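Novice: So the chains spell out like this:
2 protein chains.
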Amino acid sequence: MKIVLDAFGGDNAPVEIVKGGILALNNCSDLELIMVGKEEIISNLIKENNGDMSRIEIVNATEIIGMEEVPTTAIRKKRDSSLVKAFDTLMKREDVGAIVSAGSTGAVLTGAVLKVGRIKKVSRPALCPVLPKLTEKGGSVALIDCGANAECKPINLCHFALMGKIYAETYLGIENPRIALLNIGAEDHKGTALQQETYQLLKKMDINFVGNVEGRNMLEDTCDVIVSDGYSGNIALKSCEGIAIGLLSMIKNNIKNGNLKTKIGGLLVKDMFKDLKDNIGGYLKKGAAFLGVKKVVVKAHGSSKADTIEVAIIQAKTMAESGMIEKIQAGIEKENMQITED
Amino acid sequence: MKIVLDAFGGDNAPVEIVKGGILALNNCSDLELIMVGKEEIISNLIKENNGDMSRIEIVNATEIIGMEEVPTTAIRKKRDSSLVKAFDTLMKREDVGAIVSAGSTGAVLTGAVLKVGRIKKVSRPALCPVLPKLTEKGGSVALIDCGANAECKPINLCHFALMGKIYAETYLGIENPRIALLNIGAEDHKGTALQQETYQLLKKMDINFVGNVEGRNMLEDTCDVIVSDGYSGNIALKSCEGIAIGLLSMIKNNIKNGNLKTKIGGLLVKDMFKDLKDNIGGYLKKGAAFLGVKKVVVKAHGSSKADTIEVAIIQAKTMAESGMIEKIQAGIEKENMQITED
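Listed in order, the protein sequences are those of chains A and B. Taking the numbering used here, the leading residue of the first sequence gets 1, the next gets one more, and so forth. Taking the numbering used here, the leading residue of the second sequence gets 343, the next gets one more, and so forth.
The shape of chain A in the complex, shown without the other chains (with noise of 0.2 Å):
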């Protein structure tokens, strides 16, 4: 499985992204990266981290995407970035399963819906983040869509429910997962009218339906996908990570200026907060997968340092083993049809 890897995308490029690399290759035998970007700065990157050259192919790409560039015409424009070319290895190549950038996520969503192109039927492909279940049990659940589409209708919506069905099958292993739409209350007459037709809908659709969950509700073990538009889902994601860095920090510095007692008990729990820590940061290290394109998009955090672009690797390859794709071609193909007919 080859997975090709934007090497200039992202704040801590490319030194981190060729980082994360390696450590990729290092810990899964079976995979081979095409990095790309400035040839001969990859390269040097490589032999400086003892990166094993006979699983990696370089595509030399001269130019690079800012942080701030306007996405459309950053990809339209500059042919010769790392992130245009990589979705032009993504699909000029069959051996390429996947495509992993930390980039812009503005441009690596216009880039994979115009060079990627989306699966037939979907209306909006959707941006797909992981969140850890806080419950003793653990878990994940699934936020489809957290700000691809910031505007949406029920139909959209009722794709997204689709695939991140089939995302929390196949890629997060729940068996018939219980797919429920972000709202501000149980009842099927809350919301604005985007929520409450959309309630009807999904209602209908051969999808396991809970209901609505609340924001306060999500991360309990209420459901396994959550159906948003992306302007709420980007609210409530944003809100949950600053809230979780927020109160960690908060109790951080309690520790630090508290008592001697407090200062002694904060040395002992120590472990069980780096624990904690490394638990939920993990989840924070998942990339968001982009949901309804052609191929395997994996947009990893922007700020991502090596482990980070390590665990968005795997997650891509491990998507483009499962058949995800192809899964979501079927689902959509048959489901579409449900929902116009009636």
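Treat the hints with care, as some may be off.
Stated by the list, open to error - Listed below are the simulated DMTMM-like cross-link pairs for lysine to aspartate or glutamate, each with C-alpha atoms no more than 25 Å apart in a straight line:
(1) A:270 / B:620
(2) B:619 / A:271
(3) A:305 / A:52
(4) A:286 / A:68
(5) A:294 / A:321
(6) B:619 / A:136
(7) B:598 / A:221
(8) B:647 / B:617
(9) A:256 / B:613
Just so you know, the hints here were simulated from the structure itself, not pulled from any lab data. Since the structure is predicted, the reported quantities are computational estimates derived from the model, not experimental observations.
Add chain B to chain A, keeping to what the hints say.
Specialist: Positioned in the frame of chain A, the structure of chain B alone reads:
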């Protein structure tokens, strides 16, 4: 200052509501209460809890509006309910400054609009809770709207901004409060058409508009008032609540199930966690102000116990005494013209 208390609204009514009223009276010497509901039951509860009858009036009401009733129907038909009679008392008597209810949010808001009425030129009243800033310095941030208006127009959000500003000045005591728009990115083109248009209008208003705030930075010290439509505001608010509760309970479980070192550490940091919880919990106890109607209306949490009701009553009193309603009236009168002129 007299406050009307809906003694039969909320999950723990009437016992905890009456107890909360008595707590407030004990801690606030110039407060008088009018408790509304089944007279005999209230009267017995006051006696049982040694309430000062000289500062409590009882208004008899034989019906109760349940949490699941359709708000408009309930308010129109249940004329002898504790909530409707509480609103009637608020409107009939000039010595009453505010109403507090822990009853169904929908019924309280509908009652406020139908019985109290909108302030002239306020396009939509909005629900405004106060959240804690998760920083060492602490402080408060107001979120407006968080659920009264799922669907909004830009002009509604401009009114929310103005009411939020006056609320922050008069109730939170923040000078020249920083107003931010809840959005999914910093740039002015982010979000849906609603956020994009609102951004341009807020820029023109006579307020300290500091641009967009993302879910992630909401509770950092980036702004004092967050403006949002009711749907997204509710999603943000409840996501915050959910994560805070989830994280703290995970930490508790990890300590409980940890090794001896972690358990001892847990005992030593217990007081620190108690302080933290009290601090955050103090905010969670606060009721949400319903801004834009002609009287002070405070919606206490449905699950309120006595201590939470006490907080909501004191809050209502402070608001009523601050002249907030008159200031909102004057502010909307003045600013509304500017918005229309542009």
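Novice: I'd like to know which numbered hints this structure contradicts. Please list them from smallest to largest.
Specialist: As far as the earlier hints go, not one is violated by this structure.
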